[in-house]
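A.B. asks: The chain contents come next:
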Amino acid sequence: MDIRAQVSMTFHLDKCIGCHTCSIACKNIWTDRKGVEYQWWNNVETKPGTGYPRKWENQDIYRGGWQKNGSGEINLRGAGKKRGLLNIFHNPHMPVIDDYYEPFTYKYLDLIESPAMDDQPTARPVSLITGKPIDIKMGPNWDDDLSGTPDYARKDPNLADLSAAEQEAMFQLERMAFFYLPRICNHCLNPACVASCPSGAIYKRGEDGVVLINQQVCRAWRMCVTACPYKKSYYNWHTGKSEKCILCYPRLEAGHAPACMHSCVGRIRYLGVLLYDADQIQDSASDDESQLVDRQLNMIMDPFDPEVIRSAQANGVSDSTIKAAQQSPTYKFVKEWGLALPLHPEFRTLPMLFYVPPLLPVMASLSEKNTEQADKADPIAKIWSDKWLYDTSTEELWGTIDQARFPLKYMASMFTAGDEGKVKTVLKKLMAVRIHRRRVTVGDIDDNKAETALKEAGITAEMADDIYKLTSLAKFNERFVIPAAHREQAIEMLDFAGDTKGSVGFGFTEKPTRGI
Amino acid sequence: MNSLDNFILIGFPYAALCVFLIGSIWRYRSTKFKFSSLSSQFLEGKELFWGSVPFHWGLLALFVGHMSAFLIPRGVLAWNSHPARLLVIEIGAFIFAIAVLVGLINLIIRRLSSDRLRVVSTKMDYAILGLLLLQVITGLWIAYNFRWGSSWFATVLTPYLWSLLTIQPDILAVSALPWTIKLHIFGAYLIVFLIPFSRLVHFLVVPIHYIWRPYQRVIWSWSRTDVRNPKSPWSIKRPRNN
Chain A
1 MDIRAQVSMT FHLDKCIGCH TCSIACKNIW TDRKGVEYQW WNNVETKPGT GYPRKWENQD
61 IYRGGWQKNG SGEINLRGAG KKRGLLNIFH NPHMPVIDDY YEPFTYKYLD LIESPAMDDQ
121 PTARPVSLIT GKPIDIKMGP NWDDDLSGTP DYARKDPNLA DLSAAEQEAM FQLERMAFFY
181 LPRICNHCLN PACVASCPSG AIYKRGEDGV VLINQQVCRA WRMCVTACPY KKSYYNWHTG
241 KSEKCILCYP RLEAGHAPAC MHSCVGRIRY LGVLLYDADQ IQDSASDDES QLVDRQLNMI
301 MDPFDPEVIR SAQANGVSDS TIKAAQQSPT YKFVKEWGLA LPLHPEFRTL PMLFYVPPLL
361 PVMASLSEKN TEQADKADPI AKIWSDKWLY DTSTEELWGT IDQARFPLKY MASMFTAGDE
421 GKVKTVLKKL MAVRIHRRRV TVGDIDDNKA ETALKEAGIT AEMADDIYKL TSLAKFNERF
481 VIPAAHREQA IEMLDFAGDT KGSVGFGFTE KPTRGI
Chain B
1001 MNSLDNFILI GFPYAALCVF LIGSIWRYRS TKFKFSSLSS QFLEGKELFW GSVPFHWGLL
1061 ALFVGHMSAF LIPRGVLAWN SHPARLLVIE IGAFIFAIAV LVGLINLIIR RLSSDRLRVV
1121 STKMDYAILG LLLLQVITGL WIAYNFRWGS SWFATVLTPY LWSLLTIQPD ILAVSALPWT
1181 IKLHIFGAYL IVFLIPFSRL VHFLVVPIHY IWRPYQRVIW SWSRTDVRNP KSPWSIKRPR
1241 NN
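Protein sequence lines, in the order shown, are assigned to chains A and B.
Here my numbering is used: position 292 in the first sequence is 292, and no number is missing along the way.
Here my numbering is used: position 172 in the second sequence is 1172, and no number is missing along the way.
It is worth saying that the hints were derived from the structure and are not from the lab.
Hints may contain errors.
Said to hold, decoys possible - Now the stretches of chain A that chain B is said to cover, found in silico as 3 or more residues with beta-carbon under 8 angstroms:
| hint | stretch |
| --- | --- |
| 1 | 188-195 |
| 2 | 199-213 |
| 3 | 218-230 |
| 4 | 235-248 |
| 5 | 408-418 |
What the hints assert, rightly or not - If the Cβ cut is set under 8 angstroms, some of the chain B residues that face chain A in the computed set are:
| hint | residue |
| --- | --- |
| 6 | Ala1078 |
| 7 | His1082 |
| 8 | His1209 |
Unchecked claim - Listed below are several chain B residues computed to face chain A (Cβ distance under 7 angstroms; list not exhaustive):
| hint | residue |
| --- | --- |
| 9 | Ser1039 |
| 10 | Leu1043 |
| 11 | Val1119 |
The C-beta atom is built at its ideal place from N, Cα and C for all residues, glycine as well.
Take these sequences, add in the hints, and give me the full structure.
C.D. replies: Set out below in structure tokens:
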């Protein structure tokens, strides 16, 4: 057992309202510079949709992540020692700027400096690269809220597993649903970007698991851009260095939540420490696709287990970090309650950002006319004036999940490598919490039904209350449990303390070596 | 002509070598951030393939060829003693040089024709492209007009280069060579001279060590094992994060 600490995140997708405040907070702090204007270390995508960069999930195009070869080992799909070094002069699967968008601004001064004319002056868009006028073809969140459109939603790579009929049903105007997917770097346990970097510029910090690019060592071989299956390593075209989300580590070290999390309007984000067993990384990442989620969750250890604590201490994990792990909201969502799943586990990078899949697009709106479930609606069901139903349940407890208007297969392709059962388990738990709380607060659901719901979902009433509390009432300090950065050790991240420890005053002006 | 020869063949090579060594080390230590291949593939990816790939692979082959004539002249001469083998090596080298030329022309056209690339191009980039073009053209000219270069390089240029390295410069044989060859030699020194001032530094940081290193890299701000070792309280290794 080799226990290490990872600062890990949970995003509760039911709560995301798609306001992009997180993206703006991040942009203002980190990427408001020349060369990185197009980079959104945090971005929010509408799903179904093609995302940013376009179709990033389609690894036939971008060749990101790991793949399992015939002998059961995993290797990088589009990079690695052999492929990376042979393609170093031209990286054939690297996205170029047009796959993201050409950054632009408007010539606002033309509006006030234009001479008097018959027509109103306009502010023409100009490229932030060349400074010349351009026709804008793409921009950040170009496909925002455009679910159902042929150009975006229907080209979503996750639809590949769905039959044509299922896709058609999904995009009927009456049944259409979408949800938002906020994305930052996953700070993976088996990061493809680290493995792909020929210079060795990318590394994972041992203390908190943040994955960083050393700007002094990066030489623009740009393999990380290809290797990251989430396309969260970006190339700065101006400096010739790659950059990525740093999980606001300067803020973390000072005890603040990362900017995107701090600013989150829907309060969907949770951050806390997970203790994991690093010995299992290789085996977990190389297992069969159906086992990947379970293996990854099995690596996350119980922070109350004395043996785990002993091993963590032996590794230099400080007591305050272990304590933070015991209060970690991420641990609760991921392990205790089993509500959160990793994004695209089939990329085999063991991402440490977990998502609670959204229940709302699944259950919302059963039509009175064309669903048999509608006839079995509870008396408490809210029936809208246009005969649409919106409810957590029908007489058949899981009717809305079994006949979800939003195909579970789609969500399974995002969160569980295609296993619909796992998505269903989570959604049932979410639904059971709602039924339970409705019984407690409104009281129009009979106890029997509520208990059955909890039992079938596999949670207790106390657990349901805890889930409810952390989901809807949690305060700042409960959502973000940040371990102390230990300033007394922090100096060692920059300097060698031994230099000053054995010296006097301002130290030696000459190295105190023996002899000449 | 004599003083010019002395400059081109003795003075300048030493100056170029000094500038290259001191300049590169100094730049690596003081402005490490600027050590980069400065790839522009992100702004233009398609045409780059037809420029960068033939250019780099061709150049790599030619570099190995020149180096082997310099390092193992006897081996090269022995290989060349058979006319068929001489033909193979000469024609092979010529083809690689053509690849470099084609790649270089593509790279120049690409850099001049794209608005985006002009933004990230410096004067030194253009100077280097022009210099390399001159070097390849003179190289091809020499290979075509003064046949069997691989043999006479080993007999004429290798002793000269070694005489430079051993600080006993002997330019008697070299100064009798035609001016095109001297131009090629001067071009080579000029390129060496310009390395620390240009993006050419990226060849000094070719990531060979990637082959041996493990795929994953985890860095701790302090060594977890050393710090617990009572034998090494004064010799804890420096963290290599920064």
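A.B. asks: Each hint needs a verdict: does it hold in this structure or not?
C.D. replies: Here is what the structure says about each hint:
1. With a cut-off of 8 angstroms between beta carbons, the stretch 188-195 of chain A has 4 residues touching chain B; three or more are needed, and the interface restraint holds.
2. Requiring three or more residues with a Cβ within less than 8 angstroms of a Cβ of chain B, the coverage given for the stretch 199-213 of chain A holds, as 8 such residues are present.
3. With 6 residues bearing a CB less than 8 angstroms from a CB of chain B, the stretch 218-230 of chain A meets the requirement of three and the coverage assertion stands.
4. Check on the stretch 235-248 of chain A: 6 of its residues sit with their Cβ under 8 angstroms from a Cβ of chain B, so the three-residue criterion for coverage holds.
5. Closer than 8 angstroms: that is the beta-carbon criterion, and the stretch 408-418 of chain A has 0 residues meeting it against chain B, so the requirement of 3 is violated.
6. The interface hint given for Ala1078(B) is violated, since its Cβ lies 31 angstroms from the closest Cβ of chain A, which is over the 8 angstroms cut-off.
7. Contact between His1082(B) and chain A, as hinted, is not supported at the beta carbon level, the nearest pair being about 32 angstroms apart and thus beyond 8 angstroms.
8. At its closest, the beta carbon of His1209(B) sits 7 angstroms from a beta carbon of chain A; the interface hint therefore holds under the 8 angstroms criterion.
9. With a least beta-carbon distance of about 4 angstroms to chain A, the hint placing Ser1039(B) at the interface is held under the 7 angstroms criterion.
10. The beta carbon of Leu1043(B) comes within 6 angstroms of a beta carbon in chain A, closer than 7 angstroms, and the hint placing it at the interface holds.
11. A least Cβ separation of about 6 angstroms between Val1119(B) and chain A falls short of the 7 angstroms threshold, and the interface hint therefore holds.
Violated hints, in rising order: 5, 6, 7; the structure is consistent with all others.
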